[in-house]
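> Below are the chains, spelled out letter by letter.
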Amino acid sequence: MIDTLLQTLLNGAASGGVYALVALGYTLIFSVLGVINFAQGALFSLGGYLTYLLLGGKIGVNGALPGWGLPIELPFWLALLLAALGSGAVGLLVERIAFAPLRRRGAEPLLSLITSLGAGVVLVNLLQLLMGAEGYAFPQAAAGLAHLPESLLLGGARIRTIQVLLLVISALAVASLSLWLERSRSGKAMRAVAEDPTTATLLGINSVAVVRLAFLLSGMLAGLGGGLIGMSVSLAGPYFGISYGLKGLAVLVLGGLGSVPGAIVGGLVMGLAEALIPSEASGWRDALAFAILFAVLVLRPSGLLGRRQLEKV
Amino acid sequence: MIDNGLLVQMILGALLGLSVYLPMAAGQLSLATPAFYAVGGTLAALLSTQGNAQSAISLWAVLGEMLLAGCLTAGLALLVGLPVLRLRGIYLAIATIALVEIVRVAILNLPFTGGAAGIFGIPQPFQKPFGYVLFSGALLAVCGWLFQRLEASRLGRSMAAIRDDELASRCMGIHTTRVKLTAFLASAVLAGITGVIAAHYLNTWNARQGSFDVAITTLAFVILGGSRSWLGPVIGGLLLTALPELLRPVGDLRLVLFGLVILLGPVFFPQGLITPALLERLGRWKP
Numbered sequence: 001m002i003d004t005l006l007q008t009l010l011n012g013a014a015s016g017g018v019y020a021l022v023a024l025g026y027t028l029i030f031s032v033l034g035v036i037n038f039a040q041g042a043l044f045s046l047g048g049y050l051t052y053l054l055l056g057g058k059i060g061v062n063g064a065l066p067g068w069g070l071p072i073e074l075p076f077w078l079a080l081l082l083a084a085l086g087s088g089a090v091g092l093l094v095e096r097i098a099f100a101p102l103r104r105r106g107a108e109p110l111l112s113l114i115t116s117l118g119a120g121v122v123l124v125n126l127l128q129l130l131m132g133a134e135g136y137a138f139p140q141a142a143a144g145l146a147h148l149p150e151s152l153l154l155g156g157a158r159i160r161t162i163q164v165l166l167l168v169i170s171a172l173a174v175a176s177l178s179l180w181l182e183r184s185r186s187g188k189a190m191r192a193v194a195e196d197p198t199t200a201t202l203l204g205i206n207s208v209a210v211v212r213l214a215f216l217l218s219g220m221l222a223g224l225g226g227g228l229i230g231m232s233v234s235l236a237g238p239y240f241g242i243s244y245g246l247k248g249l250a251v252l253v254l255g256g257l258g259s260v261p262g263a264i265v266g267g268l269v270m271g272l273a274e275a276l277i278p279s280e281a282s283g284w285r286d287a288l289a290f291a292i293l294f295a296v297l298v299l300r301p302s303g304l305l306g307r308r309q310l311e312k313v
Numbered sequence: 001m002i003d004n005g006l007l008v009q010m011i012l013g014a015l016l017g018l019s020v021y022l023p024m025a026a027g028q029l030s031l032a033t034p035a036f037y038a039v040g041g042t043l044a045a046l047l048s049t050q051g052n053a054q055s056a057i058s059l060w061a062v063l064g065e066m067l068l069a070g071c072l073t074a075g076l077a078l079l080v081g082l083p084v085l086r087l088r089g090i091y092l093a094i095a096t097i098a099l100v101e102i103v104r105v106a107i108l109n110l111p112f113t114g115g116a117a118g119i120f121g122i123p124q125p126f127q128k129p130f131g132y133v134l135f136s137g138a139l140l141a142v143c144g145w146l147f148q149r150l151e152a153s154r155l156g157r158s159m160a161a162i163r164d165d166e167l168a169s170r171c172m173g174i175h176t177t178r179v180k181l182t183a184f185l186a187s188a189v190l191a192g193i194t195g196v197i198a199a200h201y202l203n204t205w206n207a208r209q210g211s212f213d214v215a216i217t218t219l220a221f222v223i224l225g226g227s228r229s230w231l232g233p234v235i236g237g238l239l240l241t242a243l244p245e246l247l248r249p250v251g252d253l254r255l256v257l258f259g260l261v262i263l264l265g266p267v268f269f270p271q272g273l274i275t276p277a278l279l280e281r282l283g284r285w286k287p
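Residue numbers (our numbering), protein chains in the order written: chain A, 1 to 313; chain B, 1 to 287.
Everything labelled a hint here was simulated from the structure, so no lab data went into it. Heads up, some of the hints might be wrong.
To be verified - According to the in silico footprint, chain A covers these stretches of chain B (three or more CB under 8 Å from chain A):
id, region
1, 165-173
2, 237-244
Unchecked claim - Far from chain A by the CB rule (all over 12 Å, computed), these chain B residues:
id, residue
3, 91
4, 93
5, 98
6, 99
7, 115
8, 213
Unchecked claim - On the chain A side, residues computed to face chain B include the following (Cβ under 8 Å):
id, residue
9, 77
10, 118
11, 119
12, 130
13, 133
14, 272
15, 276
Glycine included, every Cβ here is placed at the ideal spot set by N, Cα and C.
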């Protein structure tokens, strides 16, 4: 009994870690620009597919080049890192095309919601053109993880190794990001721009560079999440990232928009809550995140750890 | 190229565009339209497939379903709108996305809505698509007339005032909560009855009809058509529904091109296709 509970909790924490990654990606951009990048889910998908290809996976029969694959088989950690960088680079591109022109013109922030959604639609459908709509399972043996046991015995509970890996990697990513924001010069610059862009610019901070950095990091977080989920579950078609993108949105609101610790706590809460749903009701699992989101918005719009917004008149 | 079948879908798109436009005309970014559309369609599908299966249904029965769907969605909108409309901007948008997802998962999992496959064999009030063209076209014409009247009415002007400055309009004595709620209710009812027509026309209904994708596309109708007058969402709905079909010759690239339109449209046409300046130029006829 206690073993299954421990198992459930660890599974919940592992998927919660990935939710936290996605939500942190939203948070970085929201805190510097006050907008939400709806292409985040597509970048998540992209990260998954890039990881698959870098691991030496081949394109399936419905893709543009059936049977084609990269001539390399990288170890898992390197493929994950490069895929995250790739998603980050595309995130930068999204900023250039979907956000920068509107910002330069001082257009309504609402418009960037549409343009980023459009960027997401383009990305997902390009993925579909290239890779086809079929699901992909990662080449496990090639991932350099073959020497690891399939599952670990932890306090009587049997846990898949990949779940532990998932938890550790997302915890590392979240911790290093928090440390970077807290300590480093560029992290401080980012926090300054988040606090007040005008003053930050007057103080000599290059706010354009900070915005780009936010998009790069945000894309990397999404890509990392996609690679991790692809490894632990599979890639269920190019749209698989969209549902993680939407759940990340729920986590973002749960933790409080723009709050870094909120995104982390929110992710864990969401992952654990989902894991605790009994398997008979698993069809309803996807509704839970949004029911929580709805309740939080109505009861406590500032989220669990968000700052209360004062209305300026 | 544009046959009657596509024309029906274009008109339904225009109606959904109007549904998204209504709250936006009062300054509220609500993406809830697909949720109410799904509720209306599911209601019609359930009611008309009860009892002995027939392939035809009288127009009166469809009108009755539309009335019921209107009442149901209005009730739901009242229930949801009161707490949700206190939220602003992006918070409201996210809350309504949540509503769409909750409704989608509910329709997917409820024991009587047919699961992932949905409900089949929904009877038809018309034998040919042309009947649907006339019916939905008449509804669109009525809506156009109502919207034209609305913009000159007290309610319409209150909505415009709230869009420009909510605080100032409250100071001027406008009951902002009531006006916003009215716009939200009307939007829900319009989406619900559009769902009824769509369910009959499509002959089958499932949870995917009201998904996040639909929220994106219907929002794009308004943004690309133009959100400053009701003609904008109508034009946007007609054009953007036709676009993927007209792009069929390019095959698999069409969804990529559709995404590019959504991505680049606001960059090049920040006010949409139908701008106030354009309406001005069209002469005295200014909706």
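> Look at each hint and say if it fits the structure.
Now the hints, each set against the structure:
1. 165-173: Violated - the region 165-173 of chain B has 1 residues with a Cβ nearer than 8 Å to chain A, which falls short of three.
2. 237-244: violated (count 0)
3. 91: violated (6 Å)
4. 93: violated (7 Å)
5. 98: At roughly 4 Å from the nearest Cβ of chain A, residue 98 of chain B sits no farther out than 12 Å, so the non-interface label is violated.
6. 99: violated (7 Å)
7. 115: Per Cβ check, residue 115 of chain B is inside 12 Å of chain A; nearest 9 Å; violated.
8. 213: Per Cβ check, residue 213 of chain B is inside 12 Å of chain A; nearest 8 Å; violated.
9. 77: violated (32 Å)
10. 118: holds (3 Å)
11. 119: Holds, about 5 Å.
12. 130: violated (10 Å)
13. 133: violated (10 Å)
14. 272: This interface hint is violated because 19 Å lies over the 8 Å limit.
15. 276: violated (17 Å)
Checked against the numbered hints above, the structure violates hints 1, 2, 3, 4, 5, 6, 7, 8, 9, 12, 13, 14 and 15; every other hint is satisfied.
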